[in-house]
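Enquirer: In order, the protein sequence lines correspond to chains A and B. The numbers in the first sequence follow this note's numbering, run straight up by one, and end at 192. The numbers in the second sequence follow this note's numbering, run straight up by one, and end at 195.
It is possible that part of the hints are untrue.
Stated by the list, open to error - Listed below are several chain B residues computed to face chain A (Cβ distance under 10 Å; list not exhaustive):
1) P37
2) V44
3) S50
4) I53
5) L54
6) L61
7) D67
8) P70
9) S95
10) F104
Stated by the list, open to error - Each computed SDA-like pair below joins lysine to any residue, with the alpha-carbon atoms no more than 25 Å apart:
11) B:K32 / A:N29
12) B:K41 / A:M69
13) A:K87 / A:T145
14) B:K162 / A:V120
15) B:K186 / B:E133
16) B:K59 / A:N29
17) A:K32 / B:G163
18) A:K32 / B:L54
19) B:K21 / A:Q141
20) B:K80 / A:K32
21) B:K77 / A:V120
22) B:K59 / A:D127
23) B:K162 / B:V134
24) B:K188 / A:V120
25) A:K104 / B:K59
26) B:K162 / A:S102
27) B:K77 / B:T65
FYI, nobody ran anything at the bench for these hints, they're computed from the structure. Idealized CB from N, CA, C, for every residue including glycine.
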Amino acid sequence: MGYNLQNIQVLLVEDNQPMMNLIKGILLSFGVGNVITALDGDEGFKEFCLFNPDLVITDWMMAPCDGLTLSRKIRTDPKSPNKYVPIILMTGFSEKQRVISARDEGVTEFLVKPFNTRDLYRRLYKIIEAPRQYVSTPEYFGPDRRRKRKDYYDGPKRRSTDIQGDDDMYSDANPGDIDGIDFR
Amino acid sequence: MDIKHYNQKPVRNAKFITAPNVLKAKVGVGGLSDTILDRAQKLLENHTEDFRPLAEIYIKQMKEGIDAAKNLGQPTASEEHIARILFPCVQLKANGGMFHYPLITRIAERFVQFMEVVEKLDEETLEIAAAFHTTIKIVVASQIKGDGGEQGESLVEELNGACMRYFEKHKDEIATKG
Numbered sequence: 009m010g011y012n013l014q015n016i017q018v019l020l021v022e023d024n025q026p027m028m029n030l031i032k033g034i035l036l037s038f039g040v041g042n043v044i045t046a047l048d049g050d051e052g053f054k055e056f057c058l059f060n061p062d063l064v065i066t067d068w069m070m071a072p073c074d075g076l077t078l079s080r081k082i083r084t085d086p087k088s089p090n091k092y093v094p095i096i097l098m099t100g101f102s103e104k105q106r107v108i109s110a111r112d113e114g115v116t117e118f119l120v121k122p123f124n125t126r127d128l129y130r131r132l133y134k135i136i137e138a139p140r141q142y143v144s145t146p147e148y149f150g151p152d153r154r155r156k157r158k159d160y161y162d163g164p165k166r167r168s169t170d171i172q173g174d175d176d177m178y179s180d181a182n183p184g185d186i187d188g189i190d191f192r
Numbered sequence: 018m019d020i021k022h023y024n025q026k027p028v029r030n031a032k033f034i035t036a037p038n039v040l041k042a043k044v045g046v047g048g049l050s051d052t053i054l055d056r057a058q059k060l061l062e063n064h065t066e067d068f069r070p071l072a073e074i075y076i077k078q079m080k081e082g083i084d085a086a087k088n089l090g091q092p093t094a095s096e097e098h099i100a101r102i103l104f105p106c107v108q109l110k111a112n113g114g115m116f117h118y119p120l121i122t123r124i125a126e127r128f129v130q131f132m133e134v135v136e137k138l139d140e141e142t143l144e145i146a147a148a149f150h151t152t153i154k155i156v157v158a159s160q161i162k163g164d165g166g167e168q169g170e171s172l173v174e175e176l177n178g179a180c181m182r183y184f185e186k187h188k189d190e191i192a193t194k195g
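Here chain B stands alone, though its shape is the one from the complex (with noise of 0.2 Å):
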């Protein structure tokens, strides 16, 4: 009798199959070398790549979502209209700091992780949603590349307090959520 399951069969039938490793036998030993890495991060670091007209349409996009969701006049949890302004917003995270925008990467992140947490739009949630979307406009425009400095700083800090004076205010609902 075969013991592995006891005296029963197995539910799942689960099978583990160990592919041939295609890669590894076209490729070699011993990685890439420093040199090669440094010389594909330089080309990172260096390419003239305009981000400008992308992030404008991102920018745009979000704008757009956050409209929808004003104009709807009543607070919704509605996934199609969280997904209007939140993956806008994380297309400027992803894109900001591959483009030289690092400070639109760190606003942009901050959002995405208010909206992880609130997940409802309401005439409070989309004040926030519109002073994120307003400057991170303004930091494309204004061309504020890499970290911004004291202004980029100051910038963060406030949509930060923001979302934290937010969390405060509704502290028992998200406690009860949670």
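One chain only, chain A, in its complex shape (with noise of 0.2 Å):
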């Protein structure tokens, strides 16, 4: 027995049209029931009122506004629905202090482009069996910045819906993971 995403909806924001697109294919393919679609963040962010979708997937640069912009306004503008809606900001920069500064506004995975399925998975799998746990402060409202990949266990798995074979998920040899935003 596996996932059923047939349930869920996922906002995914993209203003490359082919991009989006592919990324649509990719999450049909996954077997989500419904996805939707905004070429910006201010189209995304009156989707995500209008629709309350279960995960939202971004792009980070577009305009007039951007992933960044939209992520800021899912986790405090007064008319979000949902502020604990777990966020994925895809994007082609992978440079430490651009992901600490995506991280401050309230991104939960972070995906570098190019990406393969695999790599999308991987996140969507976290962001189901790991999610972090909020904090609200007076200067920052979104998950948890600290996680470290030592909170995971690193045992033998032996429950059934264990996945055989992902077993790097939950690696300590990530390089790449700063403060529990992992952006192989």
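Using the hints, build the complex out of the two chains.
Expert: Structural data, given as structure tokens:
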């Protein structure tokens, strides 16, 4: 038995139409029931308020409203219907300082382009199986930025629901992991 | 007395919240099978979206960014000018590999890394930017898909060489900054 993604709704925000078609196709082939699309952060936020999806996947660099602004609005705007929704930010950037700035806007997971389907699935799996706590301070609201890989159980997996061969998801040997943001 | 924070009031007042795991409740257990993941991967590998019209937009934007910086007639560290060259190149890096042009991703990635180190536009860095721009333009125009084989390797080596010569020439300046 595996995940049944038929009942989930994903908001995909991407200004590049061919890329949007591609990612939407991947999500549908994963079995996602409904993929809502938007071409920039402003339109994305409107769709988010309208449909209250279970997951947001957004590109970073978009005009006029980019993915970081969208993330901040989802986390802090009074109109946001779910400020706890998981957000995956896609980008071509992989430099540490830029990743940290994304993390500070409340992004849950970071996905560097180009990626393959297992990279996307890995983020989805992590969001479902190891969700972050949220932190609320006067300066920040969003997923706990301090999650480290050592929080994970790294012993043998014996449950029938464990995925065999995916131990690398919880490996400590990932130099690219900055305070819980995995940007392989 | 609450001794958790000695006899002080905590300054940051961070509140930790465990949000309900709605996704987990909806999707159940067991992950996605290899069959599903392989099928999705095939879709990614076999799609026929044409990258060239999009690539040409980014290539044009990159050229406009280079020309705008050149027209200043003096070196600049302005974020706006850097972004006008860097951002289209990041888009080329991000998209190339997903549209059967991994060589573009590789070349653009080298330029992004170069710009992350120099963070300044002058005559020499703009010449290097122009070399990257021309090479990417050739790869798209010639439809060099895949890694480009020996020709691709040689293009990347040439560009790497240009960057290394720049760093060698400016090593004192870069060492001071670092």
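Enquirer: All the hints need checking, so say for each whether the structure fits it.
Expert: Against the structure, the hints:
Proximity of P37 of chain B to chain A holds as hinted, the smallest CB-CB distance being about 8 Å (cut-off 10 Å). Annotation: interface hint on V44 of chain B holds; nearest CB of chain A at approximately 4 Å, less than 10 Å. Of the supplied interface hints, the one on S50 of chain B holds, with its beta-carbon coming within about 5 Å of a beta-carbon of chain A, less than 10 Å. Here the hint on I53 of chain B is kept, as its CB sits about 6 Å from the closest CB of chain A, short of 10 Å.
Because the beta carbon of L54 of chain B sits about 6 Å from the nearest beta carbon in chain A, less than 10 Å, this interface hint is met. Evaluation of the L61 of chain B hint against chain A yields a held restraint, the C-beta minimum of about 6 Å falling below 10 Å. About 7 Å separates the beta-carbon of D67 of chain B from the nearest beta-carbon of chain A, less than 10 Å, and the hint is met. Look at P70 of chain B: its Cβ gets to within about 9 Å of chain A, closer than 10 Å, so that hint holds up.
Residue-level restraint check for S95 of chain B is violated (minimum Cβ-Cβ distance to chain A is 18 Å; threshold 10 Å). The criterion of a C-beta within 10 Å of any C-beta in chain A is met by F104 of chain B, whose closest approach is roughly 6 Å, and the hint holds. Our distance criterion of 25 Å between C-alpha atoms is broken by K32 of chain B and N29 of chain A, whose separation comes to about 39 Å. Restraint check for K41 of chain B and M69 of chain A: the C-alpha separation of about 30 Å exceeds 25 Å, so the hint is violated.
About 19 Å separates the Cα atoms of K87 of chain A and T145 of chain A, which keeps this hinted pair within 25 Å; it holds. Pair hint K162 of chain B plus V120 of chain A holds up; C-alpha atoms about 21 Å apart against a cutoff of 25 Å. At roughly 17 Å between alpha-carbon atoms, K186 of chain B and E133 of chain B fall within 25 Å of each other, so this suggested pair holds. Pair hint K59 of chain B plus N29 of chain A holds up; C-alpha atoms about 15 Å apart against a cutoff of 25 Å.
Restraint check for K32 of chain A and G163 of chain B: satisfied, since their Cα atoms lie roughly 23 Å apart, inside the 25 Å limit. In summary, the hint linking K32 of chain A to L54 of chain B is supported, as the alpha carbons are separated by about 14 Å, within the 25 Å threshold. Among the hinted pairs, K21 of chain B with Q141 of chain A is consistent with the structure: their alpha-carbon atoms are about 21 Å apart, no more than 25 Å. At roughly 31 Å between alpha-carbon atoms, K80 of chain B and K32 of chain A are farther apart than 25 Å, so this suggested pair is violated.
Distance check on the hinted pair: K77 of chain B and V120 of chain A sit about 24 Å apart at the alpha-carbon level, within 25 Å; holds. Using a Cα cut-off of 25 Å, the hinted pair K59 of chain B and D127 of chain A holds, with the two alpha carbons roughly 14 Å apart. A hinted pair counts as satisfied when its Cα atoms are at most 25 Å apart, and K162 of chain B with V134 of chain B does not qualify at roughly 29 Å. Only pairs whose Cα atoms come within 25 Å are accepted, and K188 of chain B paired with V120 of chain A is rejected, the gap being roughly 30 Å.
A threshold of 25 Å between alpha carbons decides the hint, and for K104 of chain A with K59 of chain B the separation of about 31 Å lies outside it, so the pair is violated. Among the hinted pairs, K162 of chain B with S102 of chain A is consistent with the structure: their alpha-carbon atoms are about 23 Å apart, no more than 25 Å. Restraint check: the Cα-Cα separation between K77 of chain B and T65 of chain B comes to about 23 Å, which is no more than 25 Å; the hinted pair holds.
The structure is inconsistent with the numbered hints 9, 11, 12, 20, 23, 24, 25, although it conforms to all the rest.
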